[in-house]
Every structure is written in C-alpha cells, then in structure tokens.
Amino acid sequence: MSPETIEASILRLVEKRGAGKSVDPAEVAKDLEPDNWNQHLRPVRAVAIRMAAAGKITILRKGKPVDPEDFKGVYRLTLPVKAG
Numbered sequence: 011m012s013p014e015t016i017e018a019s020i021l022r023l024v025e026k027r028g029a030g031k032s033v034d035p036a037e038v039a040k041d042l043e044p045d046n047w048n049q050h051l052r053p054v055r056a057v058a059i060r061m062a063a064a065g066k067i068t069i070l071r072k073g074k075p076v077d078p079e080d081f082k083g084v085y086r087l088t089l090p091v092k093a094g
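Going from the sequence shown to the numbering used here is simple: count from 1 and add 10.
Some hints could be false.
What the hints assert, rightly or not - Beta-carbon label-pair distances, calculated as ranges: (1) P44 / P13: 27 to 33 Å; (2) S12 / K72: 29 to 35 Å; (3) P13 / A36: 24 to 30 Å.
To be verified - Within a straight-line C-alpha distance of at most 20 Å, the following computed SDA-like cross-link-like pairs (lysine to any residue) qualify: (4) K66 / D45; (5) K40 / E14; (6) K72 / A29; (7) K40 / P53; (8) K31 / K74; (9) K66 / Y85.
Hint data in this document are derived by calculation from the structure and do not stem from the laboratory.
Beta carbons are placed, not taken as given, at the ideal position from N, Cα and C, and that holds for glycine.
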C-alpha cells in the first residue's frame, strides 16, 4: 500500500468527520483493507506522523494535540486546529 493511498484515506476520513471530531487509525486501516486491516496500522501511523509534521492533520492523545515525533500509545487523527 503506497503512502499516497494511505494519506488520501486519512484526509478523506478526517474531512468527512469534520472539525472537532477525530478518527481512530484503525478506521483508516479498515478503509484501506477491511479483511487484513491490522497489517496496515504501522504504515498508517508512519504516514500520520509525516502528515502531522507537515501540518496536514493533528495527532491527538487523550484528546490533546501531541508532538508527532514524540508520542506513545493510543492516538486519534483530526483536522488541524486553525489559529485565530
């Protein structure tokens, strides 16, 4: 599965969910490959980290934005918070 395909799925799902709502990374993996979704959790995480570092999405842990390069455990994905 290409990083571009994963990125497109992440963007589509977070945009569909809308501002103030978040997406479980497992939802992204299931969207990509419903039968073998668990194989895609690591690639989804890697792409999400890259996207968050570029400001395309925000990674949440316990409902709070986290540093994409320094977080552990359960996380969710959301649209970036607009300043102002």
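Out of the numbered hints, which ones does the structure contradict? Of the numbered hints, 1, 3 and 4 do not hold.
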